[in-house]
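Assemble the complex: chain A is given as a structure, and chain B must be docked to it using the hints.
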Amino acid sequence: MSEFSIIGKPVALVDAAQKTTGGGKYADDLSLPGMLVGKILHSPYPHARIRKISLRRAFAVEGVVAIVTGQDAPTSYGILPIGHDEHALVVDKVRYVGDNLACVAAVSESAAEKALELIDVEYELLPAWFDPEESMKAESDLIHENKPHNIEKEYHHVFGDPDAGFADADYVAEARYIANEVTHAAMEPHSTLASFEFDPQTGKQGRLTVWSSTQVPYYLQHKLSLVLDMPMSQIRVIKPLVGGGFGGKSEVIPLEIIAAVAARAAKAPVKITYTREEVFWAHRGRPRTIVDLKTGVKNDGRITAVRARVVQDGGGYCSYGPVTILYSGALLGALYDIPNVQYDGYRVLTNKPVCGAMRGHGTVNVRFAFESQLDEICARLKLDAADVRRKNLLKPPCITVNGLRVLSYGLPECVEKVAGASRWAVRRGRLGRGRGLGIACSHYVSGAANSIIKSDMPHSTVNIKIDRDGGVVVYTGAAEIGQGSDTMTAQIVAEVLGCSMARVKVIAADTDLTPIDLGSYSSRVTLMSGNAALRAAQDVRKKIEQAAAKKLNCAAEELVFRRDLIWKRGAEFEDLPATAAQGRIDGQILRGSVLQERKDQGARDHLSFEEAVVAAIDFSGALTGTGSYAPPADARGGKFKGAGVGPSPAYSYSAQVAEVSVDEETGQVTVHKIWAAHDCGRALNPVAVEGQVIGSVWMGLGQALQEEMIWKDGLLMNPGLLEYRSPSSVESPEIETFIVESIDPEGPFGAKEAGEGSLAATIPAIANAIYDAVGIRLREAPFTPERVLAALRAQKSQKKINMTEGVDPEQPETFREHGGSLWFRGKGPSRHPLDPAVRDDRVVEDQGAPITGEQD
Amino acid sequence: MKKELIELRINGRTHELASEPNALLLDVLRQDLVLTGSKRGCDDSSCGACTVMIDGVPMLSCALLAASCQGQEITTVEGVAEHGGLAAIQQAYGRWGGAQCGYCTPGFIMTVKHLLENNSDPSENEIRQALSGNLCRCTGYEQMYQAVKDAVEAERKGLAAAK
Numbered sequence: 006m007s008e009f010s011i012i013g014k015p016v017a018l019v020d021a022a023q024k025t026t027g028g029g030k031y032a033d034d035l036s037l038p039g040m041l042v043g044k045i046l047h048s049p050y051p052h053a054r055i056r057k058i059s060l061r062r063a064f065a066v067e068g069v070v071a072i073v074t075g076q077d078a079p080t081s082y083g084i085l086p087i088g089h090d091e092h093a094l095v096v097d098k099v100r101y102v103g104d105n106l107a108c109v110a111a112v113s114e115s116a117a118e119k120a121l122e123l124i125d126v127e128y129e130l131l132p133a134w135f136d137p138e139e140s141m142k143a144e145s146d147l148i149h150e151n152k153p154h155n156i157e158k159e160y161h162h163v164f165g166d167p168d169a170g171f172a173d174a175d176y177v178a179e180a181r182y183i184a185n186e187v188t189h190a191a192m193e194p195h196s197t198l199a200s201f202e203f204d205p206q207t208g209k210q211g212r213l214t215v216w217s218s219t220q221v222p223y224y225l226q227h228k229l230s231l232v233l234d235m236p237m238s239q240i241r242v243i244k245p246l247v248g249g250g251f252g253g254k255s256e257v258i259p260l261e262i263i264a265a266v267a268a269r270a271a272k273a274p275v276k277i278t279y280t281r282e283e284v285f286w287a288h289r290g291r292p293r294t295i296v297d298l299k300t301g302v303k304n305d306g307r308i309t310a311v312r313a314r315v316v317q318d319g320g321g322y323c324s325y326g327p328v329t330i331l332y333s334g335a336l337l338g339a340l341y342d343i344p345n346v347q348y349d350g351y352r353v354l355t356n357k358p359v360c361g362a363m364r365g366h367g368t369v370n371v372r373f374a375f376e377s378q379l380d381e382i383c384a385r386l387k388l389d390a391a392d393v394r395r396k397n398l399l400k401p402p403c404i405t406v407n408g409l410r411v412l413s414y415g416l417p418e419c420v421e422k423v424a425g426a427s428r429w430a431v432r433r434g435r436l437g438r439g440r441g442l443g444i445a446c447s448h449y450v451s452g453a454a455n456s457i458i459k460s461d462m463p464h465s466t467v468n469i470k471i472d473r474d475g476g477v478v479v480y481t482g483a484a485e486i487g488q489g490s491d492t493m494t495a496q497i498v499a500e501v502l503g504c505s506m507a508r509v510k511v512i513a514a515d516t517d518l519t520p521i522d523l524g525s526y527s528s529r530v531t532l533m534s535g536n537a538a539l540r541a542a543q544d545v546r547k548k549i550e551q552a553a554a555k556k557l558n559c560a561a562e563e564l565v566f567r568r569d570l571i572w573k574r575g576a577e578f579e580d581l582p583a584t585a586a587q588g589r590i591d592g593q594i595l596r597g598s599v600l601q602e603r604k605d606q607g608a609r610d611h612l613s614f615e616e617a618v619v620a621a622i623d624f625s626g627a628l629t630g631t632g633s634y635a636p637p638a639d640a641r642g643g644k645f646k647g648a649g650v651g652p653s654p655a656y657s658y659s660a661q662v663a664e665v666s667v668d669e670e671t672g673q674v675t676v677h678k679i680w681a682a683h684d685c686g687r688a689l690n691p692v693a694v695e696g697q698v699i700g701s702v703w704m705g706l707g708q709a710l711q712e713e714m715i716w717k718d719g720l721l722m723n724p725g726l727l728e729y730r731s732p733s734s735v736e737s738p739e740i741e742t743f744i745v746e747s748i749d750p751e752g753p754f755g756a757k758e759a760g761e762g763s764l765a766a767t768i769p770a771i772a773n774a775i776y777d778a779v780g781i782r783l784r785e786a787p788f789t790p791e792r793v794l795a796a797l798r799a800q801k802s803q804k805k806i807n808m809t810e811g812v813d814p815e816q817p818e819t820f821r822e823h824g825g826s827l828w829f830r831g832k833g834p835s836r837h838p839l840d841p842a843v844r845d846d847r848v849v850e851d852q853g854a855p856i857t858g859e860q861d
Numbered sequence: 671m672k673k674e675l676i677e678l679r680i681n682g683r684t685h686e687l688a689s690e691p692n693a694l695l696l697d698v699l700r701q702d703l704v705l706t707g708s709k710r711g712c713d714d715s716s717c718g719a720c721t722v723m724i725d726g727v728p729m730l731s732c733a734l735l736a737a738s739c740q741g742q743e744i745t746t747v748e749g750v751a752e753h754g755g756l757a758a759i760q761q762a763y764g765r766w767g768g769a770q771c772g773y774c775t776p777g778f779i780m781t782v783k784h785l786l787e788n789n790s791d792p793s794e795n796e797i798r799q800a801l802s803g804n805l806c807r808c809t810g811y812e813q814m815y816q817a818v819k820d821a822v823e824a825e826r827k828g829l830a831a832a833k
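Chain order of the listed sequences is A and B.
Its first residue numbered 6, the first sequence is counted upward by one per residue in this note's numbering.
Its first residue numbered 671, the second sequence is counted upward by one per residue in this note's numbering.
One chain only, chain A, in its complex shape (with noise of 0.2 angstroms):
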């Protein structure tokens, strides 16, 4: 009989159903009796002083009820403490297109969209900043007034003695990389629905609900208190099925407070659901960050030292901001053993919309760089990539330069499998021009050791309640996005209750009802939620264990929880099959009869869940139990300034080798296969976690090849599906993963994290394939067919295509910039005769001409 019986088993998601009929419920799918759609004006400039907003005209549109500007709710907010820098409608200026200036509740979507036009603004435009280290030469026209040089925040970290690492450094290779701003684009637009409803006692708007798609229903909560000032206790925040945040949702939105403050104003219940452009303005996505990147190594490939100096472009406010530049730093000099690390980061506003956290936050485009340059260095003195990783290995369980304990370390098993699997030692090199391999790892926290407002509290709890039906309902606040949050969950409790899948049900991220937890960020569900649970589940199961031991006469200590029985330790019923586990047996017959029947046949051996529940209750007066978990003392990092982000319980580790094509001729790169390995500590749900590591491989693949927003004067040029072009299922790899499991001593049965760290080794482990394939070093992703075309032609010393080349030189500068195609070098591409746009004046010679390109 294996150690468990639900853990490491394929499951299916709890709510899998719910998903497939279409049954289940998203924010959007919700509504209220009297609701009013809310729509939201935003900002057309960058950067603006608002003079006036004259609401007059929009008032007079049949249908509107409200109407809600910056005045209506003047508290700042922040998602940290120390960024309290926004407000739910501007109050004084407007810092991005799309900025939030007033939102208007009406009847109908349609009456609402008129009533927008209908609002005047008058602006005083303002220079405005959209290179970060442009604008970090600001010495007037700051973006906010408190922040000199536009810098949010600026951070300078020395360990160890970086000058004599890199003076005692054989080769020493430094260079630039850029990796451009990505979005989450989760396929769920935000939307929140807000309705107040009346005291009986003041016969005045008393309570708040708010159902809402965001990963952390508790700092909404807190959020919404601060903004509205009400009390928290007045406001209960509901989790509804969430259709995909990757941190897109992991921060109080814009509209989240905007719909509360709508409905305030409006006395009705307001549901607000952004299109997929305003997605795109809220964005918090992944920041264009500037890496410049310098390592000193031995001629045996072992690192003496790591310098980064690294520039993050923010957008217009705070958010999360201080926290990802510290991850980058933290996270750079951690994954190997390196002694000397010299880390200066700043986090720069500009007038764009807000980064913020996605996926791998911090660490996904600090670790392309350092992989990329150990790829150079490796390339540089003839030494195997692989060998290099393996050489540079921490030796757990230790603590890192800047203070991390790491007590699992499965990194090595990682590069094994990986460089097994795609036969790295005789195929890397050996494919032929335009084909090549390329590896690269990365590694990830479970959960952030320290909370983003400093207290005591713990960061997770889970409580439980059984009753006599049997059934066993646990309570969590952790926010199930689509990862697989309430099915861990449910596996944690039935394993040690012994009971079925089935009988648990989870009630999950309910303010109102669930006790509070941080929220779905960081990866930190599984180790900490999980962990809660875990002691939940165990305080339970004691009190069971207490009355169960007596009616078996026997110590708890001898009882086994299987299969929905409770037995004295022995073999007998070890190998029953679990069918007879599922008689049923009401608790209230048991009283009577049933309990007389047992009486009769004397001494029993063994007890269905249920009596040994019923016995329990009876026992104890009420079965519940309780369990939270706060990250311990020693896992949570030294004492710098900027100690606090990086910490956690346990980190993840990940290797990956990409196989890809490049076309010569086109500069497209296939990728053909990508073997992923990642140590998730335990697989709890092998299945989710395959799901999480191939679904983390393959966002990293969108970044490496395609994923790009692209701005013009601070106006996103691709704030759609059909332009931001996530892969398709035509264009997505096979991707084979290995679970390796380290068991770490702090995750609940040994699991660590499994959702973000794949990410940021697939965009290095395809920039070093192509590197393999045609010896081009991409240093600046995505590596589209332009760049990829640039660098061929850079190799062969041909002529740098001049992307303006036949751009009107009389278009204005920024315009011959961005270039647009190259079309533009001649007359444009012959159009199919047919094409309307051609004019009748042009002689139609073959009708059946096929349709070709510009063959300059």
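Since the hints were derived computationally from the structure, they do not count as laboratory data.
Ideal placement from N, C-alpha and C gives every residue a C-beta, glycine not left out.
Everything hinted at is true.
Simulated crosslink set (DSSO-like; lysine-lysine; CA at most 30 angstroms straight-line):
#1 A:K272 to B:K673
#2 A:K678 to B:K819
#3 B:K827 to A:K14
#4 B:K673 to A:K30
#5 A:K14 to B:K819
Label pairs and their calculated CB-CB ranges:
#6 A:M722 to B:G741: 40 to 50 angstroms
#7 B:A733 to A:E118: 13 to 23 angstroms
#8 A:T207 to B:V704: 27 to 37 angstroms
#9 B:L703 to A:P236: 32 to 42 angstroms
#10 B:N788 to A:P402: 50 to 60 angstroms
#11 B:A733 to A:I458: 39 to 49 angstroms
#12 A:S36 to B:K819: 33 to 43 angstroms
For chain B alone, coordinates are given in the frame of chain A:
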């Protein structure tokens, strides 16, 4: 715009309702009939989350006028479960992790249903091609292929058992 009476046949049942002539089928399904299984994921008919079947052909309900669908057989994700239980593809999507956040899942279920109705044994390439009109941001599609293959297998076993 003035509402007009229309009659829609959805999942084998006829619904009579008043709707504006410019109302989209997706909005009528979601708002008037509270069939919220079909989702809105984009503004430009690019994501496929609203896919329904019109006379057996998968179409985007966000790009159809409700009034134009009168007299046609509309099948939404709510009409996929059969014989009082989950259809093979629904169960397989759950079992193989084909649905994570689930927001795109209704659209995929409709697309896959159409695929399997027209091709009882699709190759991996055919599956990829068929799914390429629907976007998913969670799964990387990999586990969906397994789900489709598993559903094909289940259908085959079901057919064999019925014989």
